[in-house]
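If you want the building blocks of each chain, they are given just below.
Number of protein chains: 2
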Amino acid sequence: MTDAPLTLDPPNRMLMGPGPSDVPPRVLRALAAPTVGHLDPYYLEVMNDTRRLLQGVFRTDNALTVPMSATGMAGMETCVVNLVEPGDHVLIGVNGVFGTRMCDVAERAGAVAHRVEAPWGQTFTTEQIEAQLKAHPEVKVVGLVHAETSTGAHQDLTGMGDVVHAHDALLLVDAVTSLGGMPVEVDAWGIDACYSGTQKCLSCPPGLSPVTFSERATARMDARQSKVQSWYLDLSMIRSYWGEARAYHHTAPVNMTYALHEALLIAHEEGLEARFARHRRHHEALRAGLEALGLTYVPERSLPMLNAVRVPEGVDDAAVRGALLREHGIEIGGGLGPFKGQAWRIGLMGASCTRRHVTTLLGALGPLLGADAGAALSAAAATYAD
Amino acid sequence: MTDAPLTLDPPNRMLMGPGPSDVPPRVLRALAAPTVGHLDPYYLEVMNDTRRLLQGVFRTDNALTVPMSATGMAGMETCVVNLVEPGDHVLIGVNGVFGTRMCDVAERAGAVAHRVEAPWGQTFTTEQIEAQLKAHPEVKVVGLVHAETSTGAHQDLTGMGDVVHAHDALLLVDAVTSLGGMPVEVDAWGIDACYSGTQKCLSCPPGLSPVTFSERATARMDARQSKVQSWYLDLSMIRSYWGEARAYHHTAPVNMTYALHEALLIAHEEGLEARFARHRRHHEALRAGLEALGLTYVPERSLPMLNAVRVPEGVDDAAVRGALLREHGIEIGGGLGPFKGQAWRIGLMGASCTRRHVTTLLGALGPLLGADAGAALSAAAATYAD
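Residue numbers (my numbering), protein chains in the order written: chain A, 177 to 562; chain B, 177 to 562.
Same shape as in the complex, but just chain A (with noise of 0.2 Å):
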């Protein structure tokens, strides 16, 4: 090597992006625990009380809730390919960045994929995916996505597990945003396939994907007439890895799943309602702080923990968000997409979640937009006075 090699000593940076969000040091502790064997029957009990714990938090009793051993994608990827055939009709609503990716994976996996678009920062009514369904009855998947990242927006979910399963469809949902922040009732909602991502409400650091699976999923699942196309994904043999048989399937992650279990613990204690409660009381105080800086949100229905704004009129995006992470050493996020320059995404997921990040995010942001930051400041500590 020419040039010496790089001394690691990443800097401490405040997470207010789409995510990863900041660690809490417990979280990293447990990461850096000591690695045992992936058949230790240490090991083995982690992952018994790692699944204990998902099943909460995805609020389901699905006995084939499991971490997949890599990111959020792979987890999109995951619940498309073990439930999809080649020739498989689809339906996917489309209204963001990752419903569009929904269709790309959908459709490698050989699905015939129909969409069901709204504009960006919209999302879809029950009716609107009956009247697809009613259209398109040979559908046999559902893809909604709960929390669109690219967006901030929130779909509501009531009443679509319903519909779904009255067209005797599954209903397949990207939690990745939402999960551990807000409300994802699997059981509840009828939601047949969940995906979601460590590294967003749950703050632990990103490499895992925790998947969710109904009695109904598994079984279309089990009456598959081919194989999963993904070997390292295929959920039939993950899951004699996970269940009594302990099966040697890959190497997993088990540091990460020290890390999911720990981030997964805390949530536990806190308790998922006042969790909830956390996210929405800080993302109104940001929302008051933000629109007294002018700011104007981009979807109609705001997620809690992703607050995606337009870039004003002038203000010239990349400079605003480098000169966040240089002089302030807060991330927040781009746009994506179409959005890329003209909106910021700016997160309150998990350990991100405080009232520290809201301060000093408006009192950083003010500023640099030639904006009164006091007022922001004034409006967003009003709601806490509430």
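Keep in mind the hints are simulated off the structure, nothing from the lab. These numbers come from a predicted model, not from an experiment. Note that CB positions come from ideal geometry on N, CA and C, so glycine has one too. Relax, there's no trap hidden among the hints.
In silico EDC-like cross-links for lysine to aspartate or glutamate, where the CA-CA straight-line distance does not exceed 16 Å:
#  : chain 1 : residue 1 : chain 2 : residue 2
1  : B       : 516       : B       : 489
2  : B       : 310       : B       : 344
3  : B       : 403       : B       : 264
4  : B       : 403       : A       : 280
5  : B       : 516       : B       : 493
6  : B       : 316       : B       : 306
7  : A       : 310       : A       : 344
8  : B       : 316       : B       : 344
9  : A       : 403       : B       : 283
10 : A       : 316       : A       : 264
11 : B       : 403       : A       : 283
12 : A       : 403       : B       : 280
Which stretches of chain B does chain A cover? Using the computed rule of at least three CB atoms under 8 Å from a CB of chain A, they are:
#  : segment
13 : 205-219
14 : 223-233
15 : 237-248
16 : 398-408
Partner residues are not named here, just some residues of chain B that face chain A (Cβ under 7 Å, in silico):
#  : residue
17 : 253
18 : 427
19 : 441
With chain A held as given, fit chain B onto it using these hints.
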């Protein structure tokens, strides 16, 4: 939850199975460094430096050298799905679990897989591969396992690249267990696609899979008629994230990259030749000791870092491994597939490859076999005196 969740407190094992290996404290500290965003300028520096260090251990100048965001088996799938299109013919050397799996992965990708088989524990000659290529001139990819983790067999790759290239095919190599513990000469041997894991001779926790593609392989990928069936493993997109564009693909496993960087830095500081010599030296000692205990090796040509020996007649495999783990905190591996109950796989990988590991294992195993541990320790010690 009915039972209280587990408080994470893993035992301190001595990892001498087929991986994971012992993780050095430096690597665990790096793993627990503060998480930054996957597009943070600091993280981009870590990515660049990690690639440079990976090129070093792979002994390659390949630009397309990246750690995939999943474990070693995903590295296998990455190489296969990026190089193979439906209907393509491939030739795979099957002499253990991992060659068998490569056929499965290739067939799931729509390939026609021709198997060239050898008894488990044996390997292939260039003449055998050449004869198969003459018999199947339509073969586009030849897959061989450099270090067959199920049998401990070392596949000599000298001259294999020339044979494969003379038939206009690509050479794909599994170096999961060998990388960092013995030479893996990607450029000098004419390897076109190679994958590995982090948890073997690199002594990083499991979670990533280093992959490298030659220019020839990259050109094949660029000439594809069809999309790669896996979105998550599609190198054409991952290359954009690792390249100038820094196009967002998935949220990289930031902390695992830190750990891999540190593990590679340790290998770089030790020097590859010194590291390989260390693996040979302790392998010779262990081998002398195991043979003094009356154990015999499975493969004709053993890997230094993985010692597969037959479970002696009348000895209870599970009881011995259980006692090693419970009473001594030592993990060794059992047999896979037809070797289940028939073989032990004793690893000397990376940080688990020291004189202390050799001594401890022989001292613990001898009495469990009712054999003369003193003689075994003397036989091992004698090899160090040479």
